[in-house]
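Colleague: Below, each chain spelled out in residue letters.
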Amino acid sequence: MLIPKVLTKLRAQVPLVHNITNVVVTNFTANGLLAIGASPVMAYAKEEVADMATVANALVLNIGTLTAENVESMIIAGKAANLANTPVILDPVGAGATRYRTESVHRIMKEVEITLLRGNAAEVANVAGIKAKMRGVDSVSEHNNSEIALEAAKLLQVPVVITGEKDIVAVNEKLSIVHNGHQMLTKVTGTGCLLSSILGAFIAVEEDVFLASTAGLVTYGVAAERAFEKTKEEGPGSFQIELLNQLMKIKEEDIKKWMKVESIRG
Amino acid sequence: MLIPKVLTKLRAQVPLVHNITNVVVTNFTANGLLAIGASPVMAYAKEEVADMATVANALVLNIGTLTAENVESMIIAGKAANLANTPVILDPVGAGATRYRTESVHRIMKEVEITLLRGNAAEVANVAGIKAKMRGVDSVSEHNNSEIALEAAKLLQVPVVITGEKDIVAVNEKLSIVHNGHQMLTKVTGTGCLLSSILGAFIAVEEDVFLASTAGLVTYGVAAERAFEKTKEEGPGSFQIELLNQLMKIKEEDIKKWMKVESIRG
Amino acid sequence: MLIPKVLTKLRAQVPLVHNITNVVVTNFTANGLLAIGASPVMAYAKEEVADMATVANALVLNIGTLTAENVESMIIAGKAANLANTPVILDPVGAGATRYRTESVHRIMKEVEITLLRGNAAEVANVAGIKAKMRGVDSVSEHNNSEIALEAAKLLQVPVVITGEKDIVAVNEKLSIVHNGHQMLTKVTGTGCLLSSILGAFIAVEEDVFLASTAGLVTYGVAAERAFEKTKEEGPGSFQIELLNQLMKIKEEDIKKWMKVESIRG
Chain A
1 MLIPKVLTKL
11 RAQVPLVHNI
21 TNVVVTNFTA
31 NGLLAIGASP
41 VMAYAKEEVA
51 DMATVANALV
61 LNIGTLTAEN
71 VESMIIAGKA
81 ANLANTPVIL
91 DPVGAGATRY
101 RTESVHRIMK
111 EVEITLLRGN
121 AAEVANVAGI
131 KAKMRGVDSV
141 SEHNNSEIAL
151 EAAKLLQVPV
161 VITGEKDIVA
171 VNEKLSIVHN
181 GHQMLTKVTG
191 TGCLLSSILG
201 AFIAVEEDVF
211 LASTAGLVTY
221 GVAAERAFEK
231 TKEEGPGSFQ
241 IELLNQLMKI
251 KEEDIKKWMK
261 VESIRG
Chain B
1 MLIPKVLTKL
11 RAQVPLVHNI
21 TNVVVTNFTA
31 NGLLAIGASP
41 VMAYAKEEVA
51 DMATVANALV
61 LNIGTLTAEN
71 VESMIIAGKA
81 ANLANTPVIL
91 DPVGAGATRY
101 RTESVHRIMK
111 EVEITLLRGN
121 AAEVANVAGI
131 KAKMRGVDSV
141 SEHNNSEIAL
151 EAAKLLQVPV
161 VITGEKDIVA
171 VNEKLSIVHN
181 GHQMLTKVTG
191 TGCLLSSILG
201 AFIAVEEDVF
211 LASTAGLVTY
221 GVAAERAFEK
231 TKEEGPGSFQ
241 IELLNQLMKI
251 KEEDIKKWMK
261 VESIRG
Chain C
1 MLIPKVLTKL
11 RAQVPLVHNI
21 TNVVVTNFTA
31 NGLLAIGASP
41 VMAYAKEEVA
51 DMATVANALV
61 LNIGTLTAEN
71 VESMIIAGKA
81 ANLANTPVIL
91 DPVGAGATRY
101 RTESVHRIMK
111 EVEITLLRGN
121 AAEVANVAGI
131 KAKMRGVDSV
141 SEHNNSEIAL
151 EAAKLLQVPV
161 VITGEKDIVA
171 VNEKLSIVHN
181 GHQMLTKVTG
191 TGCLLSSILG
201 AFIAVEEDVF
211 LASTAGLVTY
221 GVAAERAFEK
231 TKEEGPGSFQ
241 IELLNQLMKI
251 KEEDIKKWMK
261 VESIRG
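Chains as they are written, first to last, in full-length UniProt numbering: chain A, 1 to 266; chain B, 1 to 266; chain C, 1 to 266.
Hints in this document: simulated from the structure, not taken from any laboratory.
Mixed in with the good hints there might be a few duds.
When chains are identical, the list treats them as one kind, so a pair holds in a single copy or across two.
Stated by the list, open to error - Simulated pairs of lysine-lysine, BS3-like, Cα-Cα distance not exceeding 27 Å:
hint, residue 1, residue 2
1, K187, K232
2, K232, K174
3, K260, K46
4, K174, K5
5, K187, K9
6, K46, K230
7, K110, K230
8, K154, K46
9, K230, K5
10, K110, K251
11, K46, K249
Predicted, not measured: the structure shown is a model, and the values here were computed from it.
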C-alpha cells in the first residue's frame, strides 16, 4: 500500500512549490498548499523566477490568465528548473479556447521539459492535437478520457493527468483511474489549478510520477468527498472553505479507508 | 411576473461571461458566477481577448486596478464584442478618484459601445460629468441617485445601474428602484464588482436590459438578505461565504416572496 | 492604557489605506481592512498611484509578487506619499529569497522615506544586511529577533516590526514585545501581509509609530486568538474566515482583557 504514504512523506519534507499561476486562484492555491503541508511561493518577475525555480522543489506553470510577460517568465523559470532537476507541472488552462493559449502551451513545451501535464480532457486533447477524435468537449466519454490520456502521453512523450468525473493518470503505457472526488469541485473556481499545484508537491517528494500523481489525486479526491459530506446542506462557499480544512485534516488512515483506484498496466 | 423567471433562464443557458476585471475580486467574481449558474472566464492578454469576447455571451470590463495594458485589452475585447453582438458591461470602479480612471473610462466609452454602466452614485456622476450637482459623495441622497441615473443615462446614451442603499436602473426614461440588498455588502470587498458580472450573465440571457438589470439586482439583493439572515451573529467573513451559498440556493419562489421593486416609467 | 484606544480612533476616522501589494493577498487584505474599520484601495498604475497616495491616509508597499512595473509604481507612489506626509509601510516579502527582491527593497528605501518596515526576522535581517548574525532562518531564536529588530532599526534608521512567535516593535531604542497571536496564522497565506496593511491603518490615525504599531499588533493578535478559539476543531479555511469576523467584532474591552505586552525602553 504505497499510495497513502506519499502524503506522510510530503508533510515530513514540506516541499517548496513555486507557482507561476493565474490571478484568479493565487490565494486559494497558496492556502491549499499550506493546508496539505507544503510551502507555497508565487514569483513572476523574469528577473527572479530562475533563482526561485532553482531553490524550489517543484515548479507549477498555469496559463489561466497568461500574458506575454508571464509566458516569458514561465520559460525562464522552466529552463532553470530543468537545469536544477526541479520537476515542472504544466496546467494548460483553456488550451483550445483561444489560439493564443494553444500556441503558448506549445511554445512552453518546446523550450521546457515537462514532468506532468494536468488538464481536463478537452485541454489535453487540444495540446496533443487529437481534437479530431473528440465530438465536442461535452461528448467526450470517460472511456475516451483514458484513450486521450494514453494517446497524449504517447504523442507528447510526457506523463499526463486528465481530471473529470473520473481522474486518469497515464505514464508511458501505465494507466490508473481514480474514482475519488466530488462534482461540487466543478462549482468552485480554481479546484483544478490547486490540484495541479498539489500534484507538484507530491511529485516533489516522490520521484515515481505515476505513484505520486495517483496518490495526489486520491488524497485530494478523498478530502473533497469529506468536505462535501460536511457542507452538503450549505453550498459552494462553505465547500471551498471546508476543502481547505480537510486538506489539513486528512491522514493516511482516511486515504486507506476511502481510496478508489483502478490500476491498469498497458 | 417576469422578474423571477430570468434567473431560471440563466441557469438553463449557463452563459459564458468573459471578465477583464481587477486583481482584488477575481476569485470572488468567478465563484459568484459559478454559484448563480453562469460560466466565468478571465482573459486579459491583448493577443486573446478578441477571440474570447467573440465566443462569450457577455463581456464585463472593470477598471478597479487598471493598467495601460488592461485598458488596451479592454478596448480590443470591447470592439470584438460589439462586432459579435456580445453585450458589454462597464464597471467604472473609482472613477473620479484619480484623473487616470476617469479618462480611461471616457476612452473606453469612446471606442466601445456599452450595454450597461454599473457603479455607485459618485462613479456614475463622475463619468457623466454631472459632478457639479453633487455636494460630495456622501451627501448624495437617494432621491438624487435616481436623478443622477436618469441624467447619466440621457447624457451618455447608455443604460445605467446605480447601486447604494437602494439600487436604481435607468434605461431611456424608464426607472426601477430595487429595495433589496443589505448594508453588510459594503463590508465585503468586490460585492459591487461581482454584481456587475452577474448583471452581465442576466443580460446575456435576456435582451431587455431594463428587465435583465432589475431581475439581476433583485436576485442578488435577495440572496444577500438571506445570507445576512444566516450569518448576522458572525460577521463579514461568514457573510461573504454564505452569499456564495445563497447565490446557488436562490430560486424563483424566493424572488417572488422577497422582491421589493418600484417601477416608474418616465 | 493607551493601546486599546487606538482601535476606537481608527474606527472613528476610517483611514483610507492605499495598497500596492501582491496578487496573492489582495482580496484578503481588502476584506481585513474593511473588517477592522478602514477603507482599502488598491491602485498600481504608474499613471495614478501618485494621485491615490496623496489622498490616502497610509500607503502600504508589499513586494510579494513584485515586477519591474510594480517597483516603479511603488517608488512614484512613495515619493508622492512623502510629499503629502502620508505614512509609508514597507513589507519586504521574501527579501533574501532572490537577489532581485533584496535589491528592489534597497532601491525603494533609497528613494522613499519609510515610516515602518514590517517583516519576519529573516526578511528584516536581509534588508538590513545583518544576515551574517543568523544561523539560517530557522535557527533565529526569539531573543535574537529583538536584537535583529533593534539593530535593523539602528542601521536603517527606520522603525521596525518583526513578527514571529512573539512580535517585536523597535523604534529608535524603544522596544515592545507582543505575546498575542496564534500559530495558525502561519497556516493561512497573507496574514503577515494583511497585518502590514492594518499597521498602516493604525499609523494613519496615531502618529506615535511605537504606540500605533504595538496597538496594531495587539489588536490583530487578540483577534487571531479569538478566531482560533472558535475554529480549533475545524482548520485553516474556517480560521481565515473567522479572523475577518473577529477583526470586525473586537472591541477596546477585549484588548484590555487579553493584551500581553512587554515594553522595554532602551
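Colleague: Flag every earlier hint the structure violates by its number, smallest first.
Modeller: 2, 3, 6, 7, 8, 10, 11
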